[in-house]
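Dock chain one against chain two, each of which comes alone in its own frame, and use the hints as you go.
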Amino acid sequence: MTARRRRGGRADSGIIARVAHRYLFEQMVRRELRQKYKGSALGIVWYVVNPLVLMGAYYLMFGVIFKATSEPDYPLFLLVGLVVWVFFSQAVLGAAPSLLEQGALVRKARFPRETIPGAVVTVQLITFLVLLGLLAPVTLAIRGTLDPALLMLPVILACLFAFVLGFALVVSVLHAYFRDVAPILAAALLPWFFLSPIFFDPGRITQQKAAVFALEWVNPVAPFIVAVRDVLYGGAVPDAPVLAYVLLAAVLSLFGGLALFRRMQAELAVVV
Amino acid sequence: MTRSVGFETNVRPGEIVLEHASRSFVVHADRGRTLKEMLIGRARAGGPPPVEALKDISLQIEPGETVGMVGRNGAGKSSALRVLAGILPLHSGRVAVGGQIVTQLELGAGFGRDFSGRENIYLNGALHGLSKEQIESRMEAIIEFSELGDFVDAPVATYSTGMFLRLGFAIAAHLDADVLLIDEVLAVGDEAFQRKCEARMAQQIAAGATLVLVSHDAALIERTCERIAVLDGGEKVFDGPVHEGMPFYHRLMGTEDPVPSP
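Order-wise, the sequence lines are chains A and B.
Each residue of the first sequence is one higher than the one before, starting from 1 at the first, in our numbering.
Each residue of the second sequence is one higher than the one before, starting from 273 at the first, in our numbering.
These are calculated hints, taken from the structure and not from any lab test.
A few of these clues could be false.
Calculated pairs, DSBU-like style, for lysine-lysine (alpha carbon to alpha carbon, straight line, at most 35 Å) [said to hold, decoys possible]:
no.	chain 1	residue 1	chain 2	residue 2
1	A	K108	A	K36
2	A	K36	B	K404
3	B	K404	B	K468
4	B	K468	A	K108
5	A	K108	B	K327
6	A	K67	A	K209
7	B	K404	A	K108
Chain B side only, calculated, beta carbon under 10 Å to chain A, not exhaustive [claimed, not checked]:
no.	residue
8	Y394
9	L395
10	G397
11	Q406
12	I407
Quick reminder that beta carbons are idealized off the backbone N, C-alpha and C, glycines included.
Pulled out of the complex, with its shape left as it was, chain B reads as follows (with noise of 0.2 Å):
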């Protein structure tokens, strides 16, 4: 087994700091291994070889800062903010991050389809380490934000996507985050509803939150951020100013092959 290097939390709230942030993946047709393989050996002969999905990146991003993170479909972004989120280890490399870490990578991902949205907010509040009191004091202006109403009550399995989404987001929106990780992929819901998610992570960023953002969107990137990072292929291409990377991303995106060779 790898070693892999392990999350720190010992920088400012807010701050990000990847030093030399690589991660590689082994693609296995099933995931997990028998005892079989075990025993015969660890490689299977004939496999493809480990995908580097994210090679010697640094990155060092301040509290406060907004950074907008594009790429191509397998560039590396998601693998970047699963890093960030402290859920995937570097195989080498340092990641640190300070203070409250809020993503939408989890959004849905406590909810128990048996229990009502009620329940789901406090395993979902408890999920990031709040207490019961801390989640009851946010109870009204998440169920509010959600627009659930009285479905709040239900079991989510009733719920809609869009409900379970708005849920989702709500819980997400009355953290207090010292970081915000965004997917582009999770931000749906009908457009009243993503305004008012896009007017309250203004409203975050504006009491100090730090934000990274995954976005093939360009018009959101260059609304909601200053700083922008270009990964391709596991590497940083570009890292500034968003202004001037966005043209550099559109060159990228327009002049090479959709596939790019190893």
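Chain A extracted, bound-state conformation (with noise of 0.2 Å):
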């Protein structure tokens, strides 16, 4: 009973606190990865298998059945749009009931609350940085775009993390209140999905400014997908208006979700 750590200030928005609760993170991050596919033969495989199965599907209908455009390797355009669509759709399907997944522990005890979605996020992240991996010195081989721009993809990177982090926090909390936020979402990413420049780049498939306009700014998930696509498949570094919609989304996401997330969390523990 010697080493008695004092702890000033309100534990829960400290830094204090966060840094205390590091390991909690590891720990949950371990949790979840091991949780979902516990017990199936691939285990933690799995969270590579599905993806590639469905960008597999994926790329059968729109690169194969449904030739869309006439970009040249269109496989690795699909593909390089899709693994951040995974990355995106996955990540803030899985955050949205994750509080009350954990209810047992919510209801229970007290801990930085954030690291719940954040756990399912930072997965997702793993994931999403397996199959980029995987697909990134391919993209980079055929296209022959191994370029200095391709430094900036870990800042772009890094802005898309920020951006589904805070979406994911507002998606998770928003749902332990009211329970029909997942079941938006999940009606919503679909048509999402068909609206975002994954299998088409906006400006060759209409000639309609307006249109153009809406689909390339209006969709925030758009910009991201982009950039990383500027970069991987195009070997070129993003515009600059591309850029700085980026790092202004990741911005505001993350700081916008976070600050609604610390409005509610107070009575989760009332309402998961």
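Put into structure tokens, the structure is as follows:
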């Protein structure tokens, strides 16, 4: 009983609590990684197999059956966009019910609740990086896009993670209060997918300026897809407006998401 | 949404401060609200009025004090304990608890069923803000206390109820508590293990920990606590030395209706 730690201030909002709970976050990520597919033959490999199957199906549909556009090396064009989308959609879909799924913990223990959706997003980030690690070398080799522009990739990915994390915090805490959020999200993601520039380039499928503008800028996921594809598939630094959008979207999403989460989290032990 | 009061930790380790603490609950048939209800309007017509679980309770507990909290079912004991644990926010008033809080509320909460006992020790330690090294330094002591032996590496899904509770208590007993919050409801297990838990609790108190014990067991309270707080209908109706409080408590339980009228 000698080593007593004196924690000052409000533990739930202080940086001290965050540091003290660093190991908790690591534990939650491990738990999340192992729990879902525990007992299945392939185990955590499913985390990579599932998106691969999904991507294979989309490739079959848009790359082979309905060849939408005449992009060169179309499978790579499609897959680079798809891998970004799969990360976004799987992370927010997983995060939405996460606070309810961990209800036993939320009702009984005091700890920074952000760690729960945070762990879900982090697990999906790991999957995403594995998929990207498989896809990027192939893309760079076939497209010949090993260019200094590649140095932008970590920055873009960091922004993407911040954007997805902020979005996930919002949907998870909203779903704890209003149980319609996850079903609405699941329903919205399908049309959202078709409206995202994953299997097409907006400028090439329509001449209408307004439509192109809407497809490129109204959908907050679109600039992330464009930025990652510019670097990996195009071998070029994304345009300044795209980079600015990505940066701004990341900051707004993360800080807005955290602010909303902190405002709404107090009653979580009662509502979940 | 009602604004709730934040949980403060800026008092001395082991000190507990409740000032004019109030908390009510809106009773729903179903937990959670749907979007439709939110759009139509928050209050459901004809629903029961909010239940006032805690009404203007003030309680100052010094480091090292041992306090028994008693009262009928529904008197607010568990709500009070959840407030002190920082899980349930107040609607008004102030709550501050200093130092490392260890509760038995979360006994078993972190226990992913597919994970081994050992993995759950890591997770539970992490929930209390411990680092990996801090947990590992206590690992052997926890396993020994739990009497699980080789079962510690088996998934907790295979455990009996008793094994599960022993593991939970073993973890709680090794967390260097400044404040122990204990709800008797969970203190099960065979007699030998119960005695061991009580001895461990006494050891922690001797080392300076503050104890808040919720129980219906008058003998246990008299054995372990110097001070007693009696709650009734969400209000504190007695607070003082245990030898004065016990007769008061027995009178309260014996002379009134089991269901308090609002």
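Comparing the hints with the structure gives:
Note on K108 (chain A) and K36 (chain A): the hinted pairing holds, with a Cα-Cα distance of about 22 Å set against a maximum of 35 Å. Restraint check for K36 (chain A) and K404 (chain B): satisfied, since their Cα atoms lie roughly 23 Å apart, inside the 35 Å limit. For the suggested pair K404 (chain B) and K468 (chain B), the alpha carbons sit about 27 Å apart, so the restraint of at most 35 Å is met. Distance check on the hinted pair: K468 (chain B) and K108 (chain A) sit about 24 Å apart at the alpha-carbon level, within 35 Å; holds.
For the hint pairing K108 (chain A) with K327 (chain B), the CA-to-CA distance comes to about 22 Å; that is within 35 Å, so the pair holds. Only pairs whose Cα atoms come within 35 Å are accepted, and K67 (chain A) paired with K209 (chain A) is accepted, the gap being roughly 23 Å. Of the pairs offered as hints, the one joining K404 (chain B) and K108 (chain A) holds, with about 22 Å between alpha carbons and a cut-off of 35 Å not exceeded. Contact between Y394 (chain B) and chain A, as hinted, is supported at the beta carbon level, the nearest pair being about 6 Å apart and thus within 10 Å.
The beta carbon of L395 (chain B) is positioned within 10 Å of a beta carbon in chain A (closest approach about 5 Å), and the interface hint is therefore held. For G397 (chain B), the shortest C-beta to C-beta distance to chain A is roughly 8 Å, which falls under 10 Å, so the interface hint holds. A cut of 10 Å between beta carbons decides the hint on Q406 (chain B): the least distance to chain A is about 8 Å, and the hint holds. Proximity of I407 (chain B) to chain A holds as hinted, the smallest CB-CB distance being about 8 Å (cut-off 10 Å).
Of the hints listed earlier, there is not a single one the structure fails to meet.
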